[in-house]
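J.: Add chain B to chain A, keeping to what the hints say.
Chains as they are written, first to last, in the numbering used here: chain A, 1 to 331; chain B, 1 to 331.
No wet-lab data here; the hints were simulated from the structure.
Heads up, some of the hints might be wrong.
Identical chains share a label here; the pair holds if one copy fits it or two copies do between them.
In the DSS-like style, the derived pairs of lysine-lysine whose C-alpha atoms are separated by at most 30 Å in a straight line are [to be verified]: (1) K215 <-> K238; (2) K301 <-> K324; (3) K330 <-> K302; (4) K238 <-> K265; (5) K324 <-> K272; (6) K302 <-> K272; (7) K215 <-> K330; (8) K301 <-> K330; (9) K324 <-> K191; (10) K191 <-> K238; (11) K88 <-> K265; (12) K324 <-> K266; (13) K57 <-> K324; (14) K215 <-> K272; (15) K324 <-> K238; (16) K272 <-> K301; (17) K266 <-> K88; (18) K57 <-> K272; (19) K272 <-> K191; (20) K215 <-> K191; (21) K301 <-> K265; (22) K88 <-> K330; (23) K302 <-> K191; (24) K238 <-> K301; (25) K238 <-> K57; (26) K57 <-> K215; (27) K301 <-> K266.
Since the structure is predicted, the reported quantities are computational estimates derived from the model, not experimental observations.
2 protein chains.
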Amino acid sequence: MAVRRKRRLEIAQYVEGVLQQDRVVVSQAITLIESTLEEDRTLALQLIDQLLPYTGKAIRIGITGVPGVGKSTFIEALGQHIIGQNQKLAVLAVDPSSQRSRGSIMGDKTRMEQLAMQPSAYIRPSPAGTSLGGVASRTRETMLICEAAGFDVIFVETVGVGQSETVVHGMVDFFLLLMLAGAGDELQGIKKGIMEMADVIAITKADGENVHPAKMAQNEYQSALHLFPPAANGWLPKVVTCSSMMNQGIDNIWELVQNYITHVKKNAFFEKRRQEQNLQWMFETIRSTLEEQFFRHQDIKKELPQIVQQITEGNLPPLTGAQKLLDIYKN
Amino acid sequence: MAVRRKRRLEIAQYVEGVLQQDRVVVSQAITLIESTLEEDRTLALQLIDQLLPYTGKAIRIGITGVPGVGKSTFIEALGQHIIGQNQKLAVLAVDPSSQRSRGSIMGDKTRMEQLAMQPSAYIRPSPAGTSLGGVASRTRETMLICEAAGFDVIFVETVGVGQSETVVHGMVDFFLLLMLAGAGDELQGIKKGIMEMADVIAITKADGENVHPAKMAQNEYQSALHLFPPAANGWLPKVVTCSSMMNQGIDNIWELVQNYITHVKKNAFFEKRRQEQNLQWMFETIRSTLEEQFFRHQDIKKELPQIVQQITEGNLPPLTGAQKLLDIYKN
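Same shape as in the complex, but just chain A (with noise of 0.2 Å):
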């Protein structure tokens, strides 16, 4: 406990530290957030009150792909050209599963190597955490810390196949799905519901012979998405192709995004949907707070596992046995 204690800052070193943009004291701010242990919850509460007249000026950039559609390549080529232009970018990953094997922290740390090496760019690997909905709430913090700290432009990004992409599409302003060209195999792995989400395709990979299948899947997919419903705040969700190996289409994926954030500012969805998005993380804190002390609670944890068998096997109505467990939970 006390080595641990002697790694935190007082709030006004962190408070200080972000605002100053002192890369150091941006990270040690992080961990705090990410930090489970209960004083170090209530620091980070202190912190994010602190720093959030700071916030909020930064675009929030939801990036999504199944693995193999070339995410980090994408994502190097496209924070390439955001720094170019005198933005600084911060690149935040949820992804709870691979979390369990701590996998992903290696792999972001090797991954976008020129990228992580610019000093306008920052790179920050998934936080650990048990449930989506736990590294979601983080993410947002750090989001907020790193909006305080000065960054441009805010890169979520995450792997299209589970249930994270209706998360963050919950906490950015623009959602970019990154494609192949091609409707076959690889769209086995995407989530149903999420090219719907989508305010830019992106098809990915266009270069050498891949130059023509990519321009056919971009013109499919432009006349697909005029049948699908719109976007309630009139975007007509754009399809594209794009080199990150050639470094093409990457500066027009960068100028849709502006046009789309003068767009939806202009017609105040902008402002809109962050009010929302506010009030949704507030309801979703209070659900995933009450459900996982629910589900830590040791007779839970005992009694639960039976419980999903019997359900499974058919020898339990699914709300008997939900109401053994909150009757157990109650007493």
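T.: Relative to chain A, chain B alone:
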């Protein structure tokens, strides 16, 4: 209280009545299910417990579409077709929003007039409930009652504009989306992500001058769906046209449902999905119960509005707001 109790039967009477397919007892059992009185809940859980061995044999079909798509006439037409094949049909509605005004109860009685007169059909409007979770849970329970009462097919109907589609998708074997021809304004009402959940999309009102636009829409959607992620169960969603008025294409839709069921029973996805749905149901029940208890709490009710306002105005970080409420609840 005495009046209310008088209307309740003994548990054995409910069980016997439902199993003997006594229509009056079925209705009384569903009324019991829908009751929020604690003593009724206990009885309801016992009832479902005892009926469980007789449930699970029906085909559960979710039907959705925006107002104006002709949902009632479609359900009449498909319902008549199903009854014509010596099958018994129950039609349940999930529509928490319209329940606030209690509008749909009268609506349901005047809608589907022909079907309502059939002895093999049973139409039950949406239960009253404050939350979607509550309504959804009651609908699931009602579904079990109907199955124990020997209904072969159950329609769960919803309006395709809210959150309820995902919930309904989570309780049925097959999901049918009704749409109008011409991709335009009529898409406005549909929530994003719903199209990707559909196992069959039916373009309705394909009669008279509408035949050609409907065929065109069919082709467009069918090619668009090829571009979207396939379902894990290997079923490629079909797009068809139909006219409830002319009774055209209705038989084809029923055949597709049966093909689908055969397909997923063969590859074991039918059973797998039901097991998953049951577990999901248990977890959802726990979640929504915890949440309902929280938001029903007097002190929470009192504090919530101003916290919501402060967050909306940007004066309070969402998680500080959440923490405040959680602290109040704890003490």
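J.: Going through the earlier hints one by one, which of them does the structure break, listed in rising order?
T.: 7, 9, 12, 14, 15, 21, 22, 23, 24, 26 and 27
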